[in-house]
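Visitor: Take a look at the letters that make up each chain.
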Amino acid sequence: MAEPILRTQSLGISFGGLKAAQDVNITIEKNQIYGLIGPNGAGKTTIFNLLTGVYKPTTGTFFLDGEEICGLSQEKINHKGIARTFQNIRLFNNMSVIRNVMVGLHGQSEYKCSIWDSFFRLPRHFKSEREMRERAKELLRIFDLEEERNGLACNLPYGKQRKLEIARALATGPKLLLLDEPAAGMNPHETEDLQKTIRFIRDEFDMTILLIEHDMKFVADLCDKITVLNFGTVLAEGDTKETLRHPEVVRAYIGG
Amino acid sequence: MELILSTVINGLSLGGIYAMIALGYTMVYGIAKMLNFAHGDIIMVGGYVIYVFMAFHNPLLAILMAVVFCVILGVVIEKVAYKPLRGASPLAVLITAIGISYLLQSLAQIIFGSANKMVTVYDFGSVTFLGATVQVSALVTLGVTVIVMAALTLFVKYTRIGRAMIAVSEDKGAAQLMGINVDGIITVTFAIGSALAALAGLFYLLKAPSISSTLGAMPGIKAFTAAVIGGIGSIPGAMLGGLLLGIVECISYKITVIAPYTDAIEFSILIIILLVRPTGFLGKKRREKV
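Protein chains in written order, with our numbering: chain A, 293 to 548; chain B, 248 to 537.
What the hints contain is simulated information worked out from the structure, not anything from laboratory work. In this text the structure is predicted, and so the values were computed from the model without any measurement. Misleading hints may appear alongside valid ones.
Among the chain B residues that face chain A by a calculated CB cut under 10 Å, a handful are [as the list claims (entries may be wrong)]:
(1) Gly360
(2) Ser361
(3) Ala362
(4) Tyr405
(5) Ala414
(6) Gly420
(7) Gly431
Even glycine gets a Cβ: it sits at the ideal position worked out from N, Cα and C.
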């Protein structure tokens, strides 16, 4: 069997005495849309922060495409192929839409030109700038943002800001895309639209997606597999529909 | 009329120097979120490097060496003194910066003594223009500043690294997660700031060919004032603030009654701006969202 895209091995982190995540094992195969769910404070975003290098785990490690990348710095992990969006949108608000995406392209070697190329305005500088602009436009077209590309990111309506964040993350050329509550604050119509977009990203970019979401219908419709977290530990995992019916899961959500 | 013309040209030229230094303050503040109070002393170091290399009677070599030396110095200071404090309280970083400032001044005093050194980089002479006599060096200063500022604006706007700089200044965390090497960007910022400071050192020597270990102190504070007036963190703001301050200073020097109070007038402008518009002319307005 092929190497899974992501494999975490007893991943855990404590803040002082608080075990925010403990012994978390998740395996995500290529092209899966994988859900990470759980009640508030279950440690979902903590897992995202561990996977993107914001936190260093106190126990365990994780592998991307078979390569151990745990402990690398945030930008290195991004270069290796994990990109994310944020629960509360963190766009570069005072930059134009297209430049937000171009920042995402920053770390990709094919667009690199040295500071000297830029300083002396060598042809390489213009070539790489032009290519980045074209690539950014393509990405914006996919997300239906091409029209707004020269406006400031902060002036976009909420749903479009979420889309732009995904476009920016995709621009970094990831193997695994982490979406932190992509449907938060969206109306049912926008949510449906988002589902389509996520499936499209998987097919078009040959992408693997791990997402956190509270909207159970959204998760049930979209995810191939899920992991349920509660108090930082894995409560249940497996096929989405079965896992959602798991008595432990029902109890954790409804209480009692 | 002649007086006005020469005052304006001198003012713009002095303002250009302030703007160059202010750019260093404002860029470092925007990107590393720290006030680098040792920035002014880089000017002084640049001046001394020019003094040393003028022994070879080659102004271009001296200028080049000053820029190179200041860039290296700025980057080393950042790596040694500021980088370990990343994430520490802003006060700790501020105190460190002041410490570095004194360190540089004292080192200069130990090496070169406390007496002023005289160094003439190049004598451009003066020209008479529409009846006004202006130092050519003032025109050169003005011209170079305009070019440097235009280049810097283009660099920040239209290059990959410039874009990354803006991204880091907007949201360091998000920028890092989008694959930007934040430490690298901070290094580039310090390098650019120090190069500009070295040029400012050169322009000071063109204006008055005497150098001491405290050469950078007053211009440093004036430029910081300019950066705050323009809106700290804003590149066009630093330019605007610098030019404004330079013109005010030159006009004030020409009016006998208020000439002795020139510094007081400049800092009063700062206080007024802080009262009326705390973010400066072009600073970002922060509206708290409820």
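Visitor: Hint compliance check: list the failing hint numbers for this structure, sorted ascending.
Guide: Hints 1, 2 and 3 not satisfied by this model.
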